[in-house]
Amino acid sequence: MTTLLAAANLSKRFAGLIAVNQVSFEVAAGEIFAVIGPNGAGKTTLFAMIAGALTPDEGTVTFAGARIDGLTSDAVCRRGIARTFQIVRPFPALSVEDNVMIGALLRRADMRSARAHARAILEMLDLADKRAATASSLTLPDRKRLEVARALATDPKLLLLDEVMAGLRPTETDRMVAILRKLNRDTGMTILLIEHVMRAVMALASRVLVLHHGAAIAHGAPKDVVRDPAVIASYLGAEAVG
Amino acid sequence: MWSIYLNVAVQGVLTGLVYGLMALGLSVIFGVVRVVNFAHGEFAVVAMYAAYALFTAFRLDPLWALLPLAALFFLVGYGLQAALINPFVGRPEHEQFILLVGVGIIIVNVLLIAFGPDSRPVNLSYGFDSYEIGPLIVDKPRVFAAAAAIAVAAALFWFFRRTRTGAAIRACADNLVGAGVVGLNVKRLFALTFGLGLACVGAAGALLVTIADAAPSLGPAYTLLAFIIVIIGGLGSMAGALVGGVLIGVSEALAGFLFAPSMKSMFSFALLIAVLVLRPQGLLGQRT
Amino acid sequence: MLSVCDIDVFYGDAQALDRVSIDVEEGKIVAIVGANGAGKTSLIRTIAGMQRPARGHITFRGADITGWPSCRVCNAGIGQVAEGRQVFPTLTVRENLEVAALLPRARGKLAHSLARVFAMFPILAERGRQPAGTLSGGEQQMLAIGRCLMGRPDLVMFDEPSLGLAPALVQEVLKTIRELNRDGLTCVLVEQNVAVSLRLADRAYVLENGRITLSGAGAELLADDRVRQAYLGM
Amino acid sequence: RAQAKSLKIAVLLTRSGYLAPAGQSCHRGALIAPRVLADYGHQVDLVHVDVESNPDVARNQAERVINDGVDVVVGAFDSACTLAIAQVCEQRQAPLVVNIAAAPALTEQGYRFLVRNFPTGSQIAVNGLARIKAFIEATKANPKTAVFLHVNDTFGTAQRQAMDRLLPNAGMPFRVLESIAYDPRAQDLSVEVTKIRALKPDLVLVVTRAADAIKLVRDMVRQRFEPMGIISPGAPGLYDEEFYEALGPLADYHAYAVPWANPKSSMAQALEKAFKPAYPNYRFAVECFNVGFTFEALLVAADGFKRAGTTNGAELMKAIRATNIKEHIMIGGPITFDDKGQNNNVPSAMVQNRNRAPTVVLPAEDATMAPVFPMPPWQGRT
Amino acid sequence: MIELWRIAPPRGRIVIALALAVLLALPLAADRYVISVLTLIFYFAYVGQAWNLMMGYAGQLSLGHALYVGVGGYVAALMWLKLGIGPWLGVFAAVAAAAAFGAAIGWLGFRFGIAGVYFALLTIAFAEFTRIGFDHLELTGGAAGLFLPFEEKRIGEWWNLRGGQLLFYYLGLALAAGAALLVALMARSRLGYQWRAVREDETAARALGIDAFAVKMAAVVISSGMTAVGGVFYAFYYNNLFPSQVFEISRSIELILAPIVGGLGTVFGPVIGAFVLTPLGEGLTAVTGRFGINAPGVKAVFYGVVLIVIISAMPSGVWPRLAALFGLKDHAR
Ligand SMILES: Nc1ncnc2c1ncn2[C@@H]1O[C@H](COP(=O)(O)OP(=O)(O)OP(=O)(O)O)[C@@H](O)[C@H]1O
Ligand SMILES: Nc1ncnc2c1ncn2[C@@H]1O[C@H](COP(=O)(O)OP(=O)(O)OP(=O)(O)O)[C@@H](O)[C@H]1O
Ligand SMILES: [Mg+2]
Ligand SMILES: [Mg+2]
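Protein chains in written order, with the working numbering: chain A, 7 to 248; chain B, 10 to 297; chain C, 56 to 289; chain D, 31 to 412; chain E, 2 to 334.
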C-alpha cells in the first residue's frame, strides 16, 4: 500500500503551551485511521495543521508525495483534503442543499451537475428531506452530518473527520459508521478521524494513534491500543477499567 | 525657521489633544459596547451648541460649562443606550450604521432648525490672547482647552483604572460572557459606558467651541475625524485616542505647512491607510 | 433548593434542550453527564439566566427565577464556573476577584471573601497584580472558582472544570469542589470525565441530545451498563 | 393662462445642507420681494423650495414646480444645483433666472432658457483687482508684497485661476509671494496663518467662505500677525453677521470688492425698508448681497413678464433676454444680457467694514465713507 | 436567464412582467416630474445593486462607493471632452479605471486581513483621499468642476448620451433591470455561491477549497466596475462633475441606503429600497410643504426618523418582509 499522508515531527505551541509535540505518523491510501486522546490532547490542533488552518512550528506534512505544510487551507482542500470542524461551522443563512453545493462546486463548474452531486450526497447522509431548510435550523446531529456532507461534496482523496459522532445516538452512530465504511470500500477514500466514541473507533479504524498532552503515546491496531496501560491510565481512566 | 516649525507642531499638539478627547469617547464606546457611533461628531456639535447657549445665557465660560455638559451628556448617553441602541448591540455593523446615521441626520437638522445655519462663536474675554514664550506664540484658548482635555482624559483613566465600576466596565470589554457569568449587569454597564463616551463628547464639545465656532454642518466632519484618530490610535484603546489625536494634529499641521494646506487632510487619510495596512489594530491597539 | 421543570431551549430554530427537568437538593453534589453538544452548557446557561427557555420554569428557594437576567440570578445566590473559565484576561487577578464582588449580596463582604479565596488558593494572592490572561490554565481555573466564590453563592454550577487541565490538576480541582461542598456549598457538576464525576456525585443525570435519558444516584449510574458502554468505552 | 395677471415663480435655494447659510440669506430676500415688487407694479406669486444643497433634489424639484404650473424658476446659489435646474428648465422651456452662481460654465454650456444677473468668477476677479488697485491708490499706501489665500472649492478655484491669469498684467503695486489654497473642510486655519506669517507679506488677499474668515482673522490676532490689510477680491466671509459677532472691533477695516447694493438707489432703499421690519434680527447692510441679487432675479423675471404679457415660456424668455432695467438694486447697470444670457454690467464696489458695518468706500460716487488703509493695529481697537 | 424565469413562481412572473410593462409604457402617461423621480430611482437601484453585490452577497462593507461613481464619471467625461470618444466607448475605460481602484483597495484590504469596520474605514479613506486629489487635479478642472457641453443642437445625439429626460429614463430602466438580472444570475453562479460562503463563514469557506482572497477581489472589482457605469450615467445626466459633490461621503451613504433598507443580499432589495426611499424623500418634501412646515431641515428630520424606524422594525430589510407577506419566502433571496 502506498502512503497517502505522512506527518513528520509535527509540533505546535500556543503561548507557552505545547499543544502538539513531535508527532509523526503515516496514513496509507484507502485506510481508515483514527486519532484519539483526552480533551485538549491536541487532536484538533493536529488536524488544523494538516488542513492548512494552522502552520506547524516544526515538522512537515506530505500528501500524495508533495509537501503541503504552509499551504493555505483552500489550497490544501484543492489538493484533495477535506475536513469537518469539531465545532460545526455551517453557512447558517443558506439552505442545506446550498451548503453542500458550495462544496460540490469545487470540482464542478456546471451548476446542474454540482446540484445533482449535492443531492446524491444529501441522500447518502439521510439529509435529503431537509435540503430546503436553512442550516441554522438544524439540530446538532444533523449539523454534524451536514458538515460531513459538505466535506464529501468536494470529492476528497482524504477526509478528515473531527468528532463527527459526538452527540449522535448509538443507532445514529452505527448508521454513520456504515456510511463511512461504504464510502471507504466503494470509492477507496482514505479517512482520518478524531473520535471519542470508542464504539465507532473500534468498528472503523484499522489503526489508531493516541495523543496525550500533545505527544503520541501509543500507535497500532485498535484492540491492541485499548489494552496499552499508558492509554488506559491517561485516557480511558484507571477507574473505568477497575 | 525652526521656531516656525516649533509653533506649528505645538499648535498641532494642542488642537490634537482636544480632538483626541472627542475621539476618546468613540473609542471607549466601541471598546466596550462594540457599537460604532457613527453620529459621534454630531453629538460633539450638540455639545458645542450647548456650551454656546450656556455662554450666551449666563456668560458661563465653556471651560466651566464642561462639567455640567459632561454630566448632561452622560445622562443623554445613558438614556440613548438604554432606549435606542441596546437592541442593536451585537447586530451587524451596517444595521448599527443606519441607526446612527439616522440619529446623525436628525441631530444636524434639528440644530439647523433651532439655531440656523450660521456658525455661532463664543466670544471669550481672553479669546484673542496668546502666550509668547521665546519664539513660541500659542493662544490661550488652545492652551486651556488642551489642558482641560488632558484633565478630563486623566479623570477618565482614573475612573477606569482605579474604581471598581471602571474595572467592571473593562471586564465587559474583556469578556462579555465572563461578565454575565459573574453577574455583572451588562446592560447597565453598557449604558454607563455610552454615557461616559458621550460625557467625553460633551466635555470635548465645550472645549471645541473655544477653538472653533459651532455650526450644524460640522457634525459629519467631526465624526470622520474621530474615526481617523481612533483607528490610528487603536480602536478601543484609551491612550491610543489621545496619541492618535496628537499625531493627526501634528501631521496635519506640518503637512499643511510643508506642502499645500488644502491637501493636509490627504495626509491624515494616507496615514490612516498606512496604519490600516501595516498595523490594522492601530498603534496602541491590541491584536484580537 | 433548585428545580428545573420541563424546559425547552432553542438557538434560532435549533432545539438544544427538550423538556429537561432536574432537582438539586441543598448541600448535595449533582452531576450532569453527557457527550459533546448534549446540551449541558445550555442547561447551565439557562439556569444562570443567560439563555431564555422557550417553555418550562426554574425555581430557586421557592422563587420563580425563569427569565430573570443573569445579574439577578447571581444575586439570588446561584454562581457559576463557566465552561472555558471566562476570566477577564487584561484585568489583574485581584481585579477579576473584586469585580465579581460587585453583586449587591457580596459587596459588603469583599475583604472577607478575598481573604477566604486567597486562603484557599494561595497562588492567586501571589499573582494578584498579574493580568489574568497570563496565568496558566490551571491557575485560571482556580481564579474562575475563586471569582465565583467572591459573589457569595449558595449554589455553584461547575461546567467542565477539569477541561484542559493536567491530571494532577484535575485531582486538585475536584478536591476543591469536594471541600467546598463539605463547607455547605451546593454544587452542580458538569463533566465529560464521567467516571470521576459520577463517583463524586450524590445524584446524577445523563443528558443526551437535549434530553434527560437516565438519572439516579451517582454510584448507581456508574454501575449501569448503558452508561458504561456509552461513556466509558466498555 | 396666457392672460395671467401675476407671474408664478419658484425660488429654489439651498436652505439646508452645507450651503444653508447663503441659501437662507437669499430666502429672506425672496420672502420680502413680492411686496416691494408690487409697489413697482409687478405681480408675482412665489413658491419656495429647499434643494438641500443636493443636485438630485434640485433637479426633481425643478421638474415638480414646473409641473405645478410655475412660469419662471429663480435660484439656486450653488453652481452644481443651478446646473441641474438649468437642464430641466432648458428641456421644459421655462426661463431660469440665476440669482447667484459664479461657475462660468453656466453661460458657456449653451443654455437658451437661462440668464444670469451675476458676474462670473473671472469677472469678479477682474472687477476686484481694479477696485483693489483704486483702493490702494486712494489711500496712498504702499504695500510691496502680498499673499493670496483661497478656499479650494468651486468658487475659490475659479478665482484663483482668474487671478493667476490677471495678476501679472494688472499693474498692481505689490508682488504676490505665494498663493495658498486651503481645504474648505479644514477645521482649523492656524497653520495656514503661521505659513502666511512666515512670509511676512504687507497685504493678505483672501477668498474665503463665511466661517473660515473668522478663523483666519482670529488666528492672525492670536499669532500677533498684523498685515497692512486683509482684502478680498470678491468673496463672502468678511461681511457676514457671524463675522462681526465673533470678532467685534477686530472685524473692522477689512475690505472686499464685491457687487453691492447701491445705497443711493431708491429701489434699494425701498427694499431695505421692507427688510427691516421683516427681519429685526438681521441687518440689510450685511445681507444686501444675497438679498439684493435674489430680489433682482425676481425683478428680471417680473419685468420680462410685464413686457411679454404672457407666461408662454419661449416668449417670456425672449422678453427676459431683452431685459434692460435701469432702476434696480445693485451698483452698476443697467441690467442687460448678452447672447449667452450673461449680464456683463455687474461691477464690484469696494466695501470696508467700519464700526462693524459694511460701508461702501469706492467708487467715490456711491461711497458713504472714505477708505482707510493700512488698517489700525489689532491692539487698542474699540 | 431562461432558467431564472423558469424557477420564478407564477405570481412573481406576473408581477415582474407587469411592472416592466408599466415602467416601459409610463412615459406615455406620466408627467415629467414622475419620470424624473423614477430616473433617480433607477439610478439608485442600479448603484445600490452594485453595492449589494459586494456587501449583500460577498459580505464586504464598503462605505466609499462614491469613489467609483466619481472615477467612472470623470473618466468617461474626460474621454469625451479631451479625446472625443463618446460614452458608449468611454464607459469601458471608466469601468476599467474604477475596477483598478477597487482592485487596489481590495488588494490592500484583503491581503492584510482588514475586515468589517476597518475595511469600511479604508474605503472611506480612499474616497476622501481621491476627492482631495481631484480637487487639485488640473486636468479635470480641480475643485472648479468639469462641465459637459449641453447644447440644443446636440440633443438627439444618443451616441454621445445627449438627449432629453426620456433617453435617461429608459437608460436608467435598462441599467436597473440589467443589474438586477446580472445579480440574479451571478447569485446563482458558482462565484455567487462562493461569495455567500465567504460572507457566512470565511474559515469554513476556505476549508472547502474556496480562495477567499480571489473571491473577495472578484466582488470588489465587479462591484466597482458596475458602479462606474452608474457614474457615467450620472455624469452625462447632470453634465457636470465637482469632486466635492461626487466623492462626498454623504453620497456614499446615500447609495447604500436603498439596498440595506430594501434587503441586503437579495435581488429585489436594492430595487424595493430605491422605490421606498426616493419617493419617501419627495413625499416628505411635498407633505411638509403642504402642511406649511417647510422649514429647511424638517424633511431631513423625518427622513432620519423613518430610517431609524425601518432599521429597528425590519433589520433585514423591507423585501424579505414583503416576500413573507406574499408567501414568497423561499424566493426572498
Ligand atoms: N488558538 C489557540 N490558542 C491557544 N491555545 C489553543 C488554541 N487552540 C487550541 N489551544 C489549546 O491547545 C490544546 C489542544 O487543543 P485541541 O483543540 O487540539 O485539543 P483536542 O485534542 O482536539 O481536544 P478535544 O477533545 O476537547 O477536542 C488545548 O489546551 C487548547 O486549549
Ligand atoms: N450560541 C449557540 N448558538 C447556536 N447553537 C448553539 C449555541 N450554543 C450551543 N448550541 C448548540 O446547542 C446544543 C447543545 O450545546 P451545549 O453547548 O449546551 O452542549 P454541551 O453538552 O455543553 O457540549 P460540550 O461538551 O461540547 O460542552 C449543540 O447542538 C450546540 O451546537
Ligand atoms: Mg478537538
Ligand atoms: Mg459544554
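Hints in this document: simulated from the structure, not taken from any laboratory. Just so you know, these numbers come straight off a predicted model, no measurement behind them. Warning: the hint list may mix true and false statements.
[Claimed, not checked] Per the computed footprint, the stretches of chain E lying under chain D, defined by three or more beta-carbons under 8 angstroms from a beta-carbon of chain D, are:
#1 144–151
#2 234–246
[Claimed, not checked] Taking lysine-lysine and the DSBU-like style, the derived pairs with C-alpha atoms no more than 30 angstroms apart in a straight line are:
#3 E:Lys83 - D:Lys370
#4 B:Lys149 - D:Lys230
#5 A:Lys163 - A:Lys136
Glycine included, each C-beta is placed from N, C-alpha and C at the ideal position.
Next on the checklist: Under 8 angstroms between beta-carbons, do enough residues of the stretch 144–151 of chain E, three at least, approach chain D for the coverage claim to hold?
Outcome noted: holds (count 7)
Item to check | chain D over the stretch 234–246 of chain E, status - at least 3 residues with CB closer than 8 angstroms | outcome: holds (count 6)
Next on the checklist: Does D:Lys230 sit within 30 angstroms of B:Lys149, going by the straight-line distance between their CA atoms?
Outcome noted: Holds: B:Lys149 and D:Lys230 sit about 23 angstroms apart, inside 30 angstroms.
Next on the checklist: Tell me if the straight-line CA distance from A:Lys163 to A:Lys136 falls inside 30 angstroms.
Outcome noted: The hint holds at about 27 angstroms.
Checklist entry - If you draw a straight line from the CA of E:Lys83 to the CA of D:Lys370, is it 30 angstroms or shorter? => result holds (24 angstroms)
Checked against the numbered hints given earlier, this structure breaks none of them.
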